[in-house]
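Engineer: Start from chain A and add chain B according to the hints.
Order-wise, the sequence lines are chains A and B. When we follow this note's numbering, the leftmost residue of the first sequence carries the number 1, and every step to the right adds one. When we follow this note's numbering, the leftmost residue of the second sequence carries the number 1, and every step to the right adds one.
Bear in mind the hints are in silico, worked out from the structure with no lab data behind them.
All copies of an identical chain are treated as equivalent in the list; a pair is satisfied when it fits inside any one copy or across any two copies.
Cross-link-like lysine-lysine pairs, in silico, DSS-like; alpha carbons within 30 Å at most: (1) 602 <-> 149; (2) 36 <-> 228; (3) 369 <-> 307; (4) 525 <-> 487; (5) 392 <-> 351; (6) 369 <-> 36; (7) 286 <-> 171; (8) 525 <-> 502; (9) 369 <-> 392.
All figures in this text were calculated on a predicted structure; none of them were measured in a lab.
Residues per chain are reported as follows:
Number of protein chains: 2
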Amino acid sequence: MAQRNVYISNMPLDEALKKYREHLENPLQSESVPVKSTLHRITFGPVFAHRSSPSDPCSAMDGIAVLSERTQGANEKNPMQLKEHEDFEYVNTGNLLPENKDSVIMIEDVKPVSEGVIEIVEAAYSWQHVRQVGEDIIVGEMLLPSFHKVRPMDLGALISGGVSSVDVFEKLKVGILPTGNEIVQDLDALTRGKIIDSNSSVIEGLLTEMGCLTKVYSPCHDDPNALKEAIERGLGENHMLITIAGSSAGEKDYTVSTIEALGEVVVHGVAIKPGKPTILGKIKGKSVVGLPGYPVSAFFAFEAFVKPLIESWHGQMDEMSIHEGVLTQRVVSSLKHEELVRVTLGEVNGKWVVTPLNRGAGTTMSLVKADGVLTIPRLSEGIERGESVEVKLLKPLHTLSERLVVIGSHDLLLDIVADRMPMTSTHVGSLGGVMALIKDECHMAPIHLIDEKTGIYNISTVQRFFPNRKMALIKGVKRLQGLMVRKGNPKGIYTFQDLARKEIEFINRQKGAGTRQLLDYELSKLGISGGDINGYHREVVTHMAVAVAVASEGADAGLGVYSAANSMGLDFIEVGYESYDFLVPYALLEDFRVQRFIDLIKSPYFKTQMTEIGGYALEETGDIIEIGETYD
Amino acid sequence: MAQRNVYISNMPLDEALKKYREHLENPLQSESVPVKSTLHRITFGPVFAHRSSPSDPCSAMDGIAVLSERTQGANEKNPMQLKEHEDFEYVNTGNLLPENKDSVIMIEDVKPVSEGVIEIVEAAYSWQHVRQVGEDIIVGEMLLPSFHKVRPMDLGALISGGVSSVDVFEKLKVGILPTGNEIVQDLDALTRGKIIDSNSSVIEGLLTEMGCLTKVYSPCHDDPNALKEAIERGLGENHMLITIAGSSAGEKDYTVSTIEALGEVVVHGVAIKPGKPTILGKIKGKSVVGLPGYPVSAFFAFEAFVKPLIESWHGQMDEMSIHEGVLTQRVVSSLKHEELVRVTLGEVNGKWVVTPLNRGAGTTMSLVKADGVLTIPRLSEGIERGESVEVKLLKPLHTLSERLVVIGSHDLLLDIVADRMPMTSTHVGSLGGVMALIKDECHMAPIHLIDEKTGIYNISTVQRFFPNRKMALIKGVKRLQGLMVRKGNPKGIYTFQDLARKEIEFINRQKGAGTRQLLDYELSKLGISGGDINGYHREVVTHMAVAVAVASEGADAGLGVYSAANSMGLDFIEVGYESYDFLVPYALLEDFRVQRFIDLIKSPYFKTQMTEIGGYALEETGDIIEIGETYD
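With the rest of the complex left out, here is chain A (with noise of 0.2 Å):
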């Protein structure tokens, strides 16, 4: 076995940035751009006006130019005539003021009296209606200070005040080194056992939005030699480096030796989660960033690093904004770490609601569905549900105000409505979405709930959680739940029965789910117990998980939806139809959310895509019952 690197720092953030800042100098210099080129470019220095705007006067209206002097005593009583050429000439707005004129008459009080006579009932006073010397811009004004991000106004002014090139900030250059024998960067060299190149793509971008250009290499294997060498050619062609994967202290993580072997590794580990294992190096005067290679890790990482960094350099400060709201679940964190935790945001009764996400450092996906990231600071243990917290937002707040909140039972059909509507659903099964509008967290939950004594669905699992507060139920659809097995059913599994014998794995949904419940219920009917069901207690948390599953051979069986089993290919065999509906306060039936809600599942879009899919019935859907108090 290989020599490990066994120590890596814990060190905090703040200290770490600060550290790393004082090693690294800014290695940006200026270059002369043409001004028309000059978009989101940063300017180096103040930029002054070389001319004034308007540069001489004009005329600010369409009419005739006139001296002032000579219409005074023009009056309703005693209008005066004036000739063309000799006393006025027309003039439309912007012309320049013609000679030995210094004042404008609207073409509006001017009347025609013959070919090249005009008549007035007004005297002009000097400077009327004219556009002075200056007026918009004076020529030496500052248009524009250092270290600005010229916008599209910002052109404007520099074209007008005479500016035909800006001294910018040159473009900082960034290479990016993944790294990894596993690792491939095209969809077709992917075979088993090979992980694609997600990260270079997300850190390129992320750069590409700060003005960068990036430079993307090619994976580099965990040998410490061609590290070296890729280690060196990337800082030779560029600015800064950015290393991907290879930063922790496992066996092939070379990164942090090779960087120590070329320069200096100023702080390696930081008390960041997810973001740990992050390398802050230096190599002849540039910076060496090594990322974790985890997508999450990676990409905090670069936030809390190369961000700051390359902004301080811009001299920008792109804050992200702010937004209060309560947690709808306690978050645990370690003291040792800062931990940033990716949530969504919803406004339920006038109250922002704040719900964690998936906390795997390998989920790509928790950042694609995050609104805000939520930090929890080190010697906190963390923050306990219904505190108020305050969230870094990710996306801007008016978009989160028009989304749905759904929290409950997972279907696919809960895609097809995200895809027409804004909508945030998160999957905790029926009974953790009943207590989510218990405590006002969403607007909605979908349910599927069997009542074990009479079998109708929801209806009186509602009325015994609320007995004191009016719902109202949207119906949903009938859909076919059963066993999904294998293609070709090879272990031969047809009953609940089945699941019980010894060679067979099977895969559980999550306590709560609605799903679950059914395979109790039909379980305790049977006299088996769940301690008898290997993989019992492997429990994942939506219909496709469970398909996924037994697809990849890491199950045998599963209880689930047919339209998971026909998605995955797999064998299915049927329970029986189960009602899934749309359990809201009867308050917010009205509520625009609830109401674009019903009007998709009612469309006959709605109605296409689910035949489609299979395994559903929608006779009675958008149909709405109405529960409590009426029903006492």
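Structural biologist: Below, chain B alone, put in the same frame as chain A:
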């Protein structure tokens, strides 16, 4: 005289936009783009995962892969030895889980015994430290909905989800056609009477930020046939055409008649100011928008019509964020139209203050300086000072709270300060600054106010205006005031008496300006009244504006500082030195923005810059004089 299009309508904005939308169809088709080129593109439909991620079970840790069953029974008392290649395999994070293994033990929990043999003291459970298939992404899962603008983190999910190309909206192609005989596109062609085309670059920049492809055409002359040809060509080559200028009802405004001849004018004339003479047209199903020629009008008409139109085609709504503040000046408006007022914002004593900028439609600098836009609705006569208003922000709020808010007298040194620290300055003269301080509308007022009895600057005035409040005067500069006259003094102006000569045209500063006070003080000593001086009532608001008026021969003389005269190459007749100081409430002396200012004006950098400009003495710069309470 040519024919004029007399009638243009005054349609409310909402109505005009709605009407125009109903006339147009979304011209955009989809195109398939390689996944790595999709940054900032907009999805045409939902994007689904083509593969799961991970696609095979893999190790979530560095360690050894085992079959969990094989480890049962291991504990501290009964350590268990395992053989490599028989009982376990070494794995690194991300490695494929080897055949017949279902669990990973972290390397930290593994004790090497001999070559190929290790010991464990705890049994593994199945799927421990294993990333299961689809843990991040499940095949068939919706990765991105329709109408989604692809962000860097989305690229990661697309690539991990096995997506190789994405259907996105093709880029909207927009032609930009400036019109007008006087318009030129290059500085070299900018002769007297010509106007440089700044609008095209601003509109191009705004379209670029929206992801459009743009083409700017050569300016089209005011000729109906040329315009017809240019519009037909521009529409043929693009999805949409924007013409600039010529949209009104003037003699040479041919745009509306040309569009009418080629297609349909849907709206001509909307009730917004600036922006009224906007044309919303349609030719062969395509959109042609005629923007007004004044820069600010063009900008707002673009924001009001073109932007929402394109956004709706993109399925995006990039709303500006809103912030509340207190208006520092009364704004009057006409009942007829919605008026868009450019404003600056600043945070003073915990209150946000909103100050209107120059409202002329031609002032590009008002767009550059604006922090936001205040909308005064139709049917409103305006808004009183002190009222709370909502402002659409053009800049992020956190950059605004950094600002030192300065209201008062103008000097060139404010440019030097503004280049080195965040600052907003409004030039309303010394007394205007004192008034703003009384109402807590700024942090600091630059003043130069002479006491007519003692000849001492500033201190007695401050005592008079702030009898009950402790103030501090930050000493600024002594600056040389004098009469500015044209190079060589062709009219022989040497004294204030000369200003009263019949052939002399004067240019004055506004009431409340310290320089105006100085003039009136000197004139009263000589028994000259303002009415005796030509141009006494022609007012501008800065020293530079006075200098420009003299230099451009709009006036023969003006009173102002040496630096302004010098920068415009004027002759200068010295009147004497005056004290230009900075007044702040004593309680604000410790404010970080005020401190930053004091540090800056005491710096060697500042002294060098001021010496270079000339006409200043800096002996006491940055000294603090306390006024009030202790002075009673």
